[in-house]
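Engineer: Please work from the sequences and hints to get the whole structure.
Top line first, the protein sequences correspond to chains A and B. The first sequence begins at 1 in the working numbering and counts up by one. The second sequence begins at 270 in the working numbering and counts up by one.
Take these hints with a grain of salt, some might be off.
[Stated by the list, open to error] Each pair of labels, with its calculated beta carbon distance range: (1) B:A494 x A:S122: 50 to 60 Å; (2) A:C159 x B:A486: 40 to 50 Å; (3) A:R228 x B:S479: 26 to 36 Å; (4) A:A9 x B:G302: 46 to 56 Å; (5) B:L572 x A:E255: 21 to 31 Å.
[Unchecked claim] Computed, partial: chain A to chain B, Cβ under 10 Å: (6) V101; (7) S104; (8) V105; (9) L108; (10) V112; (11) F156; (12) A158; (13) C159; (14) E160; (15) G164; (16) L206; (17) W215; (18) A233; (19) F245; (20) L246.
[To be verified] Simulated pairs of lysine-lysine, PhoX-like, Cα-Cα distance not exceeding 20 Å: (21) B:K407 x A:K2; (22) B:K407 x A:K253; (23) A:K2 x A:K253; (24) B:K489 x B:K310.
If you're looking for bench data, these hints aren't it; they were derived computationally from the structure. All values reported here derive from a predicted model rather than from experimental measurement. Idealized CB from N, CA, C, for every residue including glycine.
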Amino acid sequence: MKAGIVLYAMVCAALLGCVAWGLTRDPVAMTLSQTLASPSWDLPFGADHLGRDILARVAHGFYWDFSLSLAVVGCCAVLGVCLGLASGWIGGWIDGLLNLVMDSVLSLPHIVLAMVIMVALSYGPESLVIALVLPGWIKYARIIRAQTLSLKQADFVACERVLGANAPYILFRHILPNAVPPVLGLAALDLGHTLLSIASLGFLGLGLQPPSPEWGTMIMESRPYIMRAPWNAFFPGLFVFLFIFLFTLAGRKAEAALSPSTEDAHVAD
Amino acid sequence: MQHSYILKRLGLMALTILCATFLTFVMLRLTPGDPADLILKKVFVGSEEYVGSQDERSVMEERYGLNQPLFVQYGRWLGQAATLDFGHSYTSGQRVSQELGLRVWPTLSLAFSAMAVSLAVTLLLGALYNLAPFRGVKTAINLSIVGSIAIPNFYLALLLVLMFSLRLDLLPVSGYGTLAHYILPVATLACTYFGYTTTILNDSATQVRSQEYILTARSKGLAPAPLFSRHMLRNSLVPVVPYAALQLGYMLGGVVVVETVFSWPGVGKYLVDSLQSKDMPVIQACIAFIALAFSGANLLADLVLWLMDPRVRFTRS
Numbered sequence: 001m002k003a004g005i006v007l008y009a010m011v012c013a014a015l016l017g018c019v020a021w022g023l024t025r026d027p028v029a030m031t032l033s034q035t036l037a038s039p040s041w042d043l044p045f046g047a048d049h050l051g052r053d054i055l056a057r058v059a060h061g062f063y064w065d066f067s068l069s070l071a072v073v074g075c076c077a078v079l080g081v082c083l084g085l086a087s088g089w090i091g092g093w094i095d096g097l098l099n100l101v102m103d104s105v106l107s108l109p110h111i112v113l114a115m116v117i118m119v120a121l122s123y124g125p126e127s128l129v130i131a132l133v134l135p136g137w138i139k140y141a142r143i144i145r146a147q148t149l150s151l152k153q154a155d156f157v158a159c160e161r162v163l164g165a166n167a168p169y170i171l172f173r174h175i176l177p178n179a180v181p182p183v184l185g186l187a188a189l190d191l192g193h194t195l196l197s198i199a200s201l202g203f204l205g206l207g208l209q210p211p212s213p214e215w216g217t218m219i220m221e222s223r224p225y226i227m228r229a230p231w232n233a234f235f236p237g238l239f240v241f242l243f244i245f246l247f248t249l250a251g252r253k254a255e256a257a258l259s260p261s262t263e264d265a266h267v268a269d
Numbered sequence: 270m271q272h273s274y275i276l277k278r279l280g281l282m283a284l285t286i287l288c289a290t291f292l293t294f295v296m297l298r299l300t301p302g303d304p305a306d307l308i309l310k311k312v313f314v315g316s317e318e319y320v321g322s323q324d325e326r327s328v329m330e331e332r333y334g335l336n337q338p339l340f341v342q343y344g345r346w347l348g349q350a351a352t353l354d355f356g357h358s359y360t361s362g363q364r365v366s367q368e369l370g371l372r373v374w375p376t377l378s379l380a381f382s383a384m385a386v387s388l389a390v391t392l393l394l395g396a397l398y399n400l401a402p403f404r405g406v407k408t409a410i411n412l413s414i415v416g417s418i419a420i421p422n423f424y425l426a427l428l429l430v431l432m433f434s435l436r437l438d439l440l441p442v443s444g445y446g447t448l449a450h451y452i453l454p455v456a457t458l459a460c461t462y463f464g465y466t467t468t469i470l471n472d473s474a475t476q477v478r479s480q481e482y483i484l485t486a487r488s489k490g491l492a493p494a495p496l497f498s499r500h501m502l503r504n505s506l507v508p509v510v511p512y513a514a515l516q517l518g519y520m521l522g523g524v525v526v527v528e529t530v531f532s533w534p535g536v537g538k539y540l541v542d543s544l545q546s547k548d549m550p551v552i553q554a555c556i557a558f559i560a561l562a563f564s565g566a567n568l569l570a571d572l573v574l575w576l577m578d579p580r581v582r583f584t585r586s
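Structural biologist: This is the structure we're talking about:
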């Protein structure tokens, strides 16, 4: 267990070290003399078909992919929590309408819906966030809605009502705090999924457009040179893989650590 | 009760598919770019540089019904789609239903074979996880699960192609036709999906393990292997099988990417190509197919759970 944590920290440090090193270098400067250069001391990850430094591009790709993933997950969580609360607490036709919207959005795989939205909004970072938030908020809303529905029936909420508490007080004081742990666990796992979706869209040519140093887009650009210069695809892909690996590992641990305590809380109620 | 439940689910499914196709229809019509211009260039002249006159464009609009209000256009599309007529492609001029029909089998066969391989791996890892006497095996299986969830399918596909097709020259790089063409795409999909089902199997086996009948079986001296295969496996599989049905739907998303890497002539590659060229009728038809298959998988998941687990059947009726 302790060895695992040390290893985890070391991998994180190594990756972030690479990123910090690469951020000091220029991701767009083209040096035609070093076209498709193999990895060396000067160019640790080699150079691409336009002679650009891959280490610098991978590091700036981290900036794009990571900040976009964070933005998407943050928007999804906020939107999902608000709509889930509304759906569960108010009920009635609002609940029915939101359920129909959620079912309709869920009748397509995330990535397919995101692809269509990207084409409709003509590619860009803002479009990417919208394209991933529109299908992404639903998982959060579902969790919060279920939790609100069950807590609405709980005895302590009835007691609060008898004592004269109004709806906002109950929502913010009792229902929202109970919803935080599952949302945090889901968000850590979702960060990995979102990163994967961003890279997949980039790879299909439907995400951020070149010359943006986005990891999926870089791999897409490198495909014609896969035989001569495999490091062009190898390093961006390795970073996607390792970051999602780290997020997923953390998310699973968080979920495992948080779920028994929330179960206990229900029993205690 | 069962019939009314299934009927209600089917009605809801039809409604959600309608909503999904309508939403895509509206979104695509609002995109920048003139469809009439595209048809003129691609289907009738065959040159990207051609600049059509206003008259030519309005003839195209008339012919493809593009000058009508959005709702009328959608209603017409829906009426034709009900008879499996999805119109003509804006880029090739061919009938979309014909082109799509040719691509359904490659996609479905790819998804089903990947699902079968992924389930086989899940069973194997589940048995190992529960029977292996060492902690190291469990850690290794847990890491392989996280690896499976984390690796992007296109990256794995490229690495496999690089290794087995380009370096070792054992398997074809891309394309469709022989059994050998299936190996790399199926391996890619199975590797990126077994993690989810294995997680669910292991979690549910952990819960089953704490049941009292397992304690009874152990105290009467049953060895671990028959204990697992006879008493634990069937009950542990209860949440796995419906999830696998759901996953058939998710796999349609993965198939889109993997088909593009391997130039697989399926619905996914058709969709990506048509999205890049903004070929509306093709996009609409692919979306309708995917929505139908995906909702079908969701319905299947519910039915399978209902058929498999008597506990669910009794509580519902």
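Engineer: Now tell me, hint by hint, if it's right for this structure.
Structural biologist: Here is what the structure says about each hint:
1. B:A494 x A:S122: 50 to 60 Å: Holds - the Cβ-Cβ distance for A494 (chain B) and S122 (chain A), about 59 Å, lies within 50 to 60 Å.
2. A:C159 x B:A486: 40 to 50 Å: holds (45 Å)
3. A:R228 x B:S479: 26 to 36 Å: Roughly 56 Å apart at Cβ, these two residues miss the hinted range, so it is violated.
4. A:A9 x B:G302: 46 to 56 Å: For G302 (chain B) against A9 (chain A), whose Cβ atoms are near 49 Å apart, the range 46 to 56 Å holds.
5. B:L572 x A:E255: 21 to 31 Å: Holds: the Cβ-Cβ distance is about 29 Å, inside 21 to 31 Å.
6. V101: holds (8 Å)
7. S104: Check passed: Cβ of S104 (chain A) comes within 4 Å of chain B, closer than 10 Å.
8. V105: holds (8 Å)
9. L108: holds (5 Å)
10. V112: At 6 Å from the nearest chain B Cβ, V112 (chain A) passes the 10 Å test, so the hint holds.
11. F156: violated (27 Å)
12. A158: With Cβ-Cβ at 26 Å, over 10 Å, it is violated.
13. C159: violated (30 Å)
14. E160: violated (31 Å)
15. G164: Hint violated; G164 (chain A) Cβ to chain B Cβ min 37 Å, cut 10 Å.
16. L206: Holds: closest Cβ of chain B sits about 6 Å from L206 (chain A), inside 10 Å.
17. W215: holds (9 Å)
18. A233: Holds. Min distance 5 Å.
19. F245: holds (4 Å)
20. L246: holds (8 Å)
21. B:K407 x A:K2: Within the cut-off at roughly 17 Å; holds.
22. B:K407 x A:K253: holds (15 Å)
23. A:K2 x A:K253: holds (14 Å)
24. B:K489 x B:K310: violated (78 Å)
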